[in-house]
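**Q** For reference, the chains in residue letters:
There are 4 protein chains.
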Amino acid sequence: MSDAIDVLSAEADDHFHDECGVFGIFGRQDAAAIVTLGLHALQHRGQEAAGIVSFDETQFHVERHVGLIGDTFTKQSVIERLKGTRAIGHTRYATTGGAGLRNVQPFFAELADGGLAIAHNGNITNAMTVQRRLQKDGAIFSSTSDTETILHLVATSKERDVNSRFIEAVRQLEGAFSLVALTSKKLIGCRDPLGIRPLVLGDLDGAWILASETCALDIIGARFVRDLKPGEMVIVTSKGIESVFPFEPQKSRFCVFEYVYFARPDSSVEGRNVYDVRKRIGEELARENPVDADIVVPVPDSGTPAAIGFAQAAALPFELGIIRNHYVGRTFIQPTDSIRHMGVKLKHNANRRMLEGKRVVLVDDSIVRGTTSQKIVQMVREAGAREVHMRIASPPTRASCFYGVDTPETAKLLASRMSIEEMADFIRVDSLGFLSLDGLYRAVGENGRDADSPQFCDACFSTQYPTQLTDHEGVADNVRTLSLLAAGGQ
Amino acid sequence: MSDAIDVLSAEADDHFHDECGVFGIFGRQDAAAIVTLGLHALQHRGQEAAGIVSFDETQFHVERHVGLIGDTFTKQSVIERLKGTRAIGHTRYATTGGAGLRNVQPFFAELADGGLAIAHNGNITNAMTVQRRLQKDGAIFSSTSDTETILHLVATSKERDVNSRFIEAVRQLEGAFSLVALTSKKLIGCRDPLGIRPLVLGDLDGAWILASETCALDIIGARFVRDLKPGEMVIVTSKGIESVFPFEPQKSRFCVFEYVYFARPDSSVEGRNVYDVRKRIGEELARENPVDADIVVPVPDSGTPAAIGFAQAAALPFELGIIRNHYVGRTFIQPTDSIRHMGVKLKHNANRRMLEGKRVVLVDDSIVRGTTSQKIVQMVREAGAREVHMRIASPPTRASCFYGVDTPETAKLLASRMSIEEMADFIRVDSLGFLSLDGLYRAVGENGRDADSPQFCDACFSTQYPTQLTDHEGVADNVRTLSLLAAGGQ
Amino acid sequence: MSDAIDVLSAEADDHFHDECGVFGIFGRQDAAAIVTLGLHALQHRGQEAAGIVSFDETQFHVERHVGLIGDTFTKQSVIERLKGTRAIGHTRYATTGGAGLRNVQPFFAELADGGLAIAHNGNITNAMTVQRRLQKDGAIFSSTSDTETILHLVATSKERDVNSRFIEAVRQLEGAFSLVALTSKKLIGCRDPLGIRPLVLGDLDGAWILASETCALDIIGARFVRDLKPGEMVIVTSKGIESVFPFEPQKSRFCVFEYVYFARPDSSVEGRNVYDVRKRIGEELARENPVDADIVVPVPDSGTPAAIGFAQAAALPFELGIIRNHYVGRTFIQPTDSIRHMGVKLKHNANRRMLEGKRVVLVDDSIVRGTTSQKIVQMVREAGAREVHMRIASPPTRASCFYGVDTPETAKLLASRMSIEEMADFIRVDSLGFLSLDGLYRAVGENGRDADSPQFCDACFSTQYPTQLTDHEGVADNVRTLSLLAAGGQ
Amino acid sequence: MSDAIDVLSAEADDHFHDECGVFGIFGRQDAAAIVTLGLHALQHRGQEAAGIVSFDETQFHVERHVGLIGDTFTKQSVIERLKGTRAIGHTRYATTGGAGLRNVQPFFAELADGGLAIAHNGNITNAMTVQRRLQKDGAIFSSTSDTETILHLVATSKERDVNSRFIEAVRQLEGAFSLVALTSKKLIGCRDPLGIRPLVLGDLDGAWILASETCALDIIGARFVRDLKPGEMVIVTSKGIESVFPFEPQKSRFCVFEYVYFARPDSSVEGRNVYDVRKRIGEELARENPVDADIVVPVPDSGTPAAIGFAQAAALPFELGIIRNHYVGRTFIQPTDSIRHMGVKLKHNANRRMLEGKRVVLVDDSIVRGTTSQKIVQMVREAGAREVHMRIASPPTRASCFYGVDTPETAKLLASRMSIEEMADFIRVDSLGFLSLDGLYRAVGENGRDADSPQFCDACFSTQYPTQLTDHEGVADNVRTLSLLAAGGQ
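Protein sequences appear in the order of chains A, B, C and D. Take 136 as the starting number for the first sequence in my numbering and just add one per residue. Take 136 as the starting number for the second sequence in my numbering and just add one per residue. Take 136 as the starting number for the third sequence in my numbering and just add one per residue. Take 136 as the starting number for the fourth sequence in my numbering and just add one per residue.
Honestly, the hints are just simulated from the structure, not real lab data. Take these hints with a grain of salt, some might be off.
Unchecked claim - With a straight-line cut-off of 20 angstroms between C-alpha atoms, the simulated PhoX-like cross-links for lysine-lysine are:
#1 C/271 with A/271
#2 A/210 with D/210
#3 B/210 with C/210
For clarity, every value in this text was computed on a predicted model and none was experimentally measured.
All chains, please: the whole structure from these sequences, using the hints.
**A** As structure tokens, this is what we get:
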């Protein structure tokens, strides 16, 4: 890794990234193979590593591997080791960089009354604060993951039964969490009280399934039952499914960026089809930011649905003016200076014949640092476009996310330090238009944003965070100076 | 590999596949890094393995690796070993299955007057016949590749200089070949007299480049100079470039399937932009096979340009009704029976919200065995489509290719044993329409097919092969019973 | 591993095995490289895996690898990651089989007041009992190693400073332990009150060293200072070295088997040179069990020093009548039945020319299951020996060890179920003689064994264990049914 | 490899090394498993890489791997791929450095009339000259091995049957060769007319075996039949064994250094037991170079048999004053300067207690560069030896070997540029004695060396080479400037 440039770095993949997908199934032969398929469908939520824990009525089995599901979990031997009819799995995006397999979920612990495995999508905003408290009482942490904090809270709970211990644990958490957990008797799913991250319930011929998105149900032909409700905890046992609500009821604040970029277009989350929302985003965008042009060109693949919607609303031809090379991995060769200056087009190439002499509307989902937009615009211009009008299928992203999304610090977000005009200059377009926050809410099906009580978490656009950020706010006091910098061979 | 099903097999990826891409550069610092980038752009022409040979004024250096360019040639150490300002490279599709690195090109031999490396796109249709003759004279072959036969022909030539020996060698070849070769003094490019496979000439700040397609020039910002002519051989030395024509002149017969599927949409080959041709194919298809429908949906990604063309010509909305999972690798888990019956959707998922209740035009590039079409149609129907009309962006494929393309035997091609009506029944569509051969020629810019002297090689559609098939015809006599079945650890 | 027979298994390597070697250094450039060399010298104490933790004034660094030191820790990159002037290391013998890197030491934990790493040679005989107590209070264990129990005891201690917490922890331990530990300020060494396992103190140009044996000092040219005393704890800081005695004083009970087999012949432990002791064992053996014979032949390599002593005392020629193949790894091919019956001689071969027609005294260090002795005797007979007299350089091994040695259960020890005559019959020798327990004590320099208060731990011979065996005795109650059976990819 | 010092380099392992061992079997189930065992017994003749070719009545199967037999050929899958009842194998020592698997034997070629595999111990002294001639006729070489030259000679022979073609080929060879070859019908063994390298014939329940040494028969319990005669070629078919003599009869010149160092002590080669010869060498050495001393200490392991002989002849105690660490691999850590100055003792450690105050006779097998001797003497002195007398179990090595042995160039041999007195000064001993050439011949059982017609090849001592050295003598003309420097990933 170290002798290659990271094409997903600022320069090359200029997006927010969801950090995780989770999947669980209870009561079905080949449970681990089904989890593997489910995680494969959730691969877009995390490509760095994955793990599966299964239980075979006697023992738990764990496999954790760095790499894509299709490369690491497809060996017959791996699947065969994951015996049993119950399993949970997790796929994750690289976050803080390379602590290796120790941070790969699910996390498993041998508690006094049996094993417990937890997989988590989201981010606990008071995890360090809680961890510090637990360490003072002698707890030993083997990872830097907030998920391990949840395990310790269950382990140290004085409640009698697992349900109560689990509830006592999650009540101490702040932030965003969609959890799946496995004990020797139960599959548990739980969403935070605001329901920031998605979690859906499915059914495969009588076996209950929990998954981050519906596309993970589709791949195996499972039936979508419903979204878990914000603050809901479901407990699946061999006797059936039970639902409890351990938290104070609160108004839902689902992450609106799931619709903009994170979720797969063929998924439905919180009752809405993602492709459909994205097309309507494109339509709203065309209405709010019309432009006199010849063709509409998406920045593939994430800009494509909005570009289709834009083209239909604007009655302009939709054309593949940029071709994406899907073989690009995470890294590529370390460039020498002479190669660096060549402006290598690893991931996108302009389709000159389509662009030459045209007035082009370029549609992308968002602008983060702006460096990729800059390069793409330059490439489109060099291919002969007469005018380049950039239309962005979301409002300007002004603030970091603390809810399980990999974002640059606020200061590195282009929109946090430039006006729209300055941004247009920076990426060198003839015009630049963003979707308004109200337009985004309309595309999702609302009449607009309720400013007093927003219907979604839109903190990255509005800077209004729906929860406390205990670790972040108490940072001077709480910052965890980890003694262990680097661990190799493990 | 053996403990997983091959998702590119009949069931899962029902396409013809080009077997190779080639790239060469002469006279440029970081030659091997540039070849790596060029091969990355040509990755769609072969994903199995790749090799690069460089020359540093004193020595040749060779690297061959199984896997994607971006995974195997991007380590700093690999590139650093490939010293020099001249290099050629090759990327290949798996053909006969697993003879390992021995069959990975470029091939290199130490001849009496110095080293010679050759990389080859195409297929020599008399290679076994020639090999048998050479073996009788004591030649030892270290691979089963037809490219090694070319090396031996150069090695045993009694001509004095390399140019003459190379010419004597290629004159003995039948079939399709676009070659790049490297000696201690020269970079050589050569196309067969019919020009069946593509080969383009480019220029990077004064360094000459040979590549299979223009997209390999674009990635490094090189200038497209021209296509090599059929039967042309170019010799690049430090003094410049020279062009000779070693063969009897013949009328060009470029492979028309390069436009249908093989080449990248952003490439231009033989003077035509591929995306543009594909869109015009879609337009011709709409004209020849109109249908009353609600939406046009591509089978992604190969059907997308034709679907855009179809939708524009038919004035129907273009919609992403099927979503492709780009994380699918070559193989996936070995299914148990219970999983096999689930009809797992590894690669494509229907976007139910777009399809429900609609009359759908499905556009795909070709039908090979028909099994994938069958599954996709079923998936689209299960997602609620009211009618499914399949439109195919090429004529029925009736015959195997012997010119460097991986095709099933003729008997396994659906169109070789069924009428269009029978095929429509087999894949269970409401209607099925193929592009006519004349329509295909029109889309490429001709007035139609010249039946007496076709302008392209269209043998897979017309069954008219433009060259002798010596090995194939003399198969009873010539078949090479290889003694060496399997070689491990090498 | 699973598709090969284990040549170190009962059939093939019929020995007790020490489970660990430890090494630490404080205050020296290239600390990790020096630990690597020290562990290499201690490789005979554990070949399965090794780990090193270093501290660079700011951060701890950890590397753990399965395999020989010389294969895994010799890459420049590994050593370079282990920055700092203080480091401890550990090499281990496979014990319970394959829990992977999770059980490889040193163990590291982030405690409330900083990092702590511990490496351990020995075995805590009440570890499970303590672990069960800690789990009831919510502690989460990430391994099955007794060393992690020590970490948890330090973590949960309510004492203020690390020294006091460490002392509180080790006072709760029963069994054998020679520990080295590293904090951000200190290198700590500690031996159990009986001093069962060795631990020596050395000095390299002013840098303090702790090591299991003196051969680990020799390899780097360090000066031997002294053995740590039983029950002694030394604390090295940048200000110097300090010694404390946290336990009730007890009479030393050093493991006498270290002299028989475990320690390297060139080491000195507890004041005695091992080779010298082994030669004197051979002399005692010759005196106690004289025999009329032609040559003395060692079972190489462990029987060699005693055979030299025996030959000198008996005035018989010492000859290499058996040759050992040092290339044997841990495993070899899975034999088919036809090969199994061939009686393959992977490790030892008879030197026919030396043995033919001779009356042979075979000298070996011990008999465990007896199966190897049986095979060797048969091989020597087949090579033409006229008589075979086996002489064993230790008393009969009658009982399992619970102090960090890999031994079969008592019932599988040949001497636990047979008289010496029966054993002689079983291994088919003309005569069989063991060293007496008193003879062994004399060879070590005592006048004999003090039956009321033995000077050494000789439980494997005498069945008299010097400590409580809490876990073992309370086994019905305490047995730890681990939920986690298998973990892959980690 | 490049980031570690090579402990087998001049500094660390100062020996000549035999380059190869060969083994073949015809007509026995599990043939490849038996070859694996045979090669394991021959591992001392080459540790770098190994290969096996089997034939299963239909197909040949090849496996070649870098590393020890016990690490690479012991996987069930490897053995299972090597189907058939006939197989040959080869183990090799690294020679010219890292051309990878291409140079690993056996070599296999598909000839016009079927497959042929050859494994070779020795060195063809006119290989480059022949290769150059073959290349002029168009032959393509895929390796730099002289064995491939033999294959090409068989391939280009115009004789009708394999026997005649093989004979025509070997008649063109100069130098030392003990070959085993496998065709679809035959197992062939052949020794050069001088019989420089060993080759023995064995029998395993009716299956014929060819092997470099008898220890490879012993490991599987095969019966030793006889040594092949110099210039003999045996052909094994399903009908039995046949012997022919294709060369002009010449007087045998077996390599005397096989007795000094190469062969395993338990082997018998050319009718003599190696351990026995080495002991008699020690006795001769004691007679020729007596010394007043206290103990005789071998430099382990190669000096051990001679030291035993010396001690018995001199009536001095034989003691293990130096202990060898058998875990040392080929390489170890890249030392920093500070570590380099520590004089790390990776491989040998002095046993201080045995050496202190003693007058020591150190016995080693040979002196090559002298650097290792220097270090060992220094180590023995630092351990307290009062006097160090070095006795070498062979004459001074004055000349390079061209017959398949890895030797430094003549100029780097200490004895080629120093008198014995100078050498004694250089390695800092109190006295230094070599065995005389006549003494060596006496130890082997001759009355002395026949100066007019020596009974052995002793060129490394006498500088009298028994064959022409065509390549070496014509070096200015013939030197083979290989174009291919380096090949990776293959």
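**Q** Evaluate each hint against the coordinates.
**A** Outcome of the hint check:
no.	hint	result
1	C/271 with A/271	17 angstroms, holds
2	A/210 with D/210	18 angstroms, holds
3	B/210 with C/210	18 angstroms, holds
Figure legend: structure checked against the earlier numbered hints; every hint is met.
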